Amino acid sequence: MIIYGVGLLSACLVVGLYLGDVLGQLLDVQANVGGVGIAMLLLVWACSNPRLSALVSGESGKGIQFWSAMYIPIVVAMAARQNVVGAIDGGAMAILAGALAVVISFALVPLFSRLSKPAASQQDAH
Amino acid sequence: MDTLAKVLTANGLLTAFALVGVLVWLSYAIANRLTGGRIHGSAIAIVLGLVAAYISGRITGGSAGVADLPVLAGVGLLGGAMFRDFAIVATAFGVQLSELKKAGLAGAVSIFAGVLVSFVVGVLVAMAFGYRDAVSITTIGAGAVTYIVGPVTGAAIGADSAIIALSVAAGLVKSIMVMIGTPLVARFIGLDNPQSAMVYGGLMGTTSGVAAGLAATDPRLVPYGAMTATFYTGVGCLLGPSVLFLVVNALV
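As given, the protein sequences belong to chains A and B, one line each in that order. Residue 19 in this note's numbering is what sits at position 19 of the first sequence, and the numbering runs on without skipping anything. Residue 1058 in this note's numbering is what sits at position 58 of the second sequence, and the numbering runs on without skipping anything.
Same shape as in the complex, but just chain B (with noise of 0.2 Å):
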């Protein structure tokens, strides 16, 4: 036992490979075999792989899922920034660039329009618990834009570390529920072509959240969501502890 696991560990990528390959021929069996084909076996893998983290969480205290069990520490850089930065770039292959420049100007808008009115709803459930200090406020809504732009605007205005916790956390909700949500709505807000899904990359902006969501609606969406998608992050970094910080200073 204790030398299968020095052979898993010592080739942790490989070990990434043949699990994660296990675990998505199980969830296109579930899929065909339980659902009829009426949910995607890859949101089943993403949905699997969510209970997979949450309990080796649990198990180890860690926050890097599965990743944090030393077996499977492969799936952490099997699933981590590079690998899954190559192969969204991978996915532009084929792409027309007549496709993007047609939602060009809507996907821009959406852009800037995403991290505000995630901004807001952040900023409006933080006072609605009590919150009233200008910086906790404004850190709690840049959290609720993603998990990046929370603690990079927590820290440039001085935030208190419990708070930038806070944030950190609301954009996690955020990442994980566009992972499970996208392919439930995506029928009713009429994301099934290339345009709408710039938009709503635009609109979501976790990176994560897009990918997965995608993945599991239509993968062919996927160059066109994670294209805004990967400026919604700098674009909030940019507004957060500037813009955004002056206008809720002067507002409370």
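Chain A on its own, in the form it takes in the complex (with noise of 0.2 Å):
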């Protein structure tokens, strides 16, 4: 049943925001932190559970799939409503305040990346 999936995925961001607001309040921060993160884990972890597989595979996995591969219009539609006119009418110091920002974290990519395949950097190395 596709409405299991759909389900699924529903209950895993309703769950995911709820704990990443309660982290955000115990924080002391006024901001949902992680929520989004949280509910990805949910989903992985119960893709993986042999317990809930009636949930994930088959025509129930389809009703996941559908929403994965609606991500790109869903990101267009995000993209039409942007204030873009805000963004360039912030003058000078706004455009190269996050231009800078943007062009500085693209150069620092590859440097943090190669944090995480330590065992590569190693084998170059020798």
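Worth flagging that the hints you see were computed from the coordinates, not collected in a lab. As the structure is a prediction and not an experimental result, all values here were calculated from the model. The beta carbon of each residue, even a glycine, is placed where N, CA and C say it ideally should be. Warning: the hint list may mix true and false statements.
[To be verified] Here chain B is said to cover these stretches of chain A; the calculated rule only asks that three of the stretch's residues, wherever they fall, bring their Cβ under 8 Å from a Cβ of chain B:
# : stretch
1 : 21-35
2 : 51-60
3 : 69-75
4 : 83-95
Once you've looked at the hints, go ahead and assemble the two chains, each given alone in its own frame, into the complex.
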């Protein structure tokens, strides 16, 4: 049943967002801390749990796959509702601050990626 | 015409599905015919979406892009946080926990490094533009982290509303630049595997920017980048009004 997959997916997100809000309150932060990430971990866990296989395999899995495939259209809709005018009208300082932050962060990606592959870098050293 | 507008408005979400469908189809046609597939159709669709948001923002004076046009209000729902997060979580379907664990440490480190680097850049730019008081400098620096961290920090430390608006603008610029820039630089920064995607998500942090940037680069990397990016704003809101403000306050 497709609704089993959609229901599981929804439940993961709602529980994740709730835990993210609770975590934010515990840290005294006015934001949701990692709710979506927690929801993703819940889904990954559910997918690997044999007892829940009825909710993620076959027809049920299609309910999750459908929303995964809807990801790009949803992101396109998200782009179409951004406050682009606000970004451009922020003036030179806002543009420079945002742009420089992006450029420098991009440049750091290869540097920090090495941290995740200690084995590979050791081979390079040999 | 009025009747059509009434139907489109009353069925906003369906209007959005149909419109986005046409936009994506058009974008993939452009990608294949005009660029020979060199540029992803999704990258073109995202840029067209941003252009539409800009035009609509100029017409309506609103802040929600095309969603401020009553007929297209459904795009606001489809592209809002609920569906965005729902689709992001769905992309985790089929992800292996072992892949996530491989870059766990690097991902966590990159979140803190990302917040810090963007904040310092924002602070330096604010100072270069003549700001000298710790509250304004911290708020603008926090805006360079994300457009949520900026106003949260500014409100907590009592920043002027004009400064808060500037910090939101800096965060919006960052988000949009990540959307457009990611597919262009992906090859040069090694963004082609789950581990570097987790580091990228942690360093960039803006959920919308990362979501769109990876969609336009390689949708298979989305769950990994989103996993770390989703913690970034929380960490920023945690550090901004506390440690980072205290440090700036002590230095200026």
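* Asked: Which earlier hints turn out false for this structure, listed by number in ascending order?
  -> Result: hint 2 breaks, nothing else.
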